[in-house]
Amino acid sequence: GNSVTQMEGPVTLSEEAFLTINCTYTATGYPSLFWYVQYPGEGLQLLLKATKADDKGSNKGFEATYRKETTSFHLEKGSVQVSDSAVYFCALDDRGSTLGRLYFGRGTQLTVWP
Amino acid sequence: EPEVTQTPSHQVTQMGQEVILRCVPISNHLYFYWYRQILGQKVEFLVSFYNNEISEKSEIFDDQFSVERPDGSNFTLKIRSTKLEDSAMYFCASSDRQGREKLFFGSGTQLSVL
Chain A
228 GNSVTQMEGP
238 VTLSEEAFLT
248 INCTYTATGY
258 PSLFWYVQYP
268 GEGLQLLLKA
278 TKADDKGSNK
288 GFEATYRKET
298 TSFHLEKGSV
308 QVSDSAVYFC
318 ALDDRGSTLG
328 RLYFGRGTQL
338 TVWP
Chain B
12 EPEVTQTPSH
22 QVTQMGQEVI
32 LRCVPISNHL
42 YFYWYRQILG
52 QKVEFLVSFY
62 NNEISEKSEI
72 FDDQFSVERP
82 DGSNFTLKIR
92 STKLEDSAMY
102 FCASSDRQGR
112 EKLFFGSGTQ
122 LSVL
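Sequence order for the protein chains is A and B.
Just remember that my numbering sits 227 ahead of the position in the first sequence, which is counted from 1.
Just remember that my numbering sits 11 ahead of the position in the second sequence, which is counted from 1.
Note that these hints are calculated values from the structure, not bench results.
Positions of the beta carbon are idealized from the N, C-alpha and C atoms, including for glycine.
Be a bit skeptical, because a hint or two may be false.
Unchecked claim - The following label-pair restraints were derived from C-beta to C-beta distances:
id : chain 1 : residue 1 : chain 2 : residue 2 : range
1  : A       : Gly236    : B       : Glu79     : 34 to 42 Å
2  : A       : Thr255    : B       : Ile71     : 13 to 21 Å
3  : B       : Ile71     : A       : Tyr266    : 22 to 30 Å
4  : B       : Lys89     : A       : Phe245    : 24 to 32 Å
5  : B       : Ile31     : A       : Gly268    : 36 to 44 Å
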């Protein structure tokens, strides 16, 4: 079946530190992979995506590379800011299923201190 | 950017009562979804809705659940007889023709069943 396993949180970092949030997946087909972010009081927002192996998604300084050989899609940022404090969700979309059904991880709470 | 609106933000109800969670999707979107997240667990897909009918539902979405788009703007989730285990954050989402490429989520309704 389809599932996503995400690094347990919470993660606490100082400003300008390097961030990695691990995500691995299991899928029956060839999924698209996503990172969504939820800022306090807001809905989940698409942060970045990758639709095939070796693709790199990037946005707002965040990056993640679709690694088929390790079934991973780790989120990285070289220098975090206080404004990056949020919950980050890794997700996959098995394109063999009805469109729009996403499989999420549990979310990782990131707190960045000044 | 347009947004998905959910009301109420918090709902408290007694076990066995009916609740209706309301959502206003983005106006030109065609596909609508409900997800939920029980505290500490993964975000789970409940149901997708297109062209005034359910496209797909998960095993969670049993006869106690129903969805409706009553007036062309609202999208509701009804739980007929709530159980303690229905306590969760419920997220509404919508997407346009691109569907799986980008879902827009509301900020959620926290349902507490006492």
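Under the constraints set out in the numbered hints, which ones does this structure not fulfil? 4, 5
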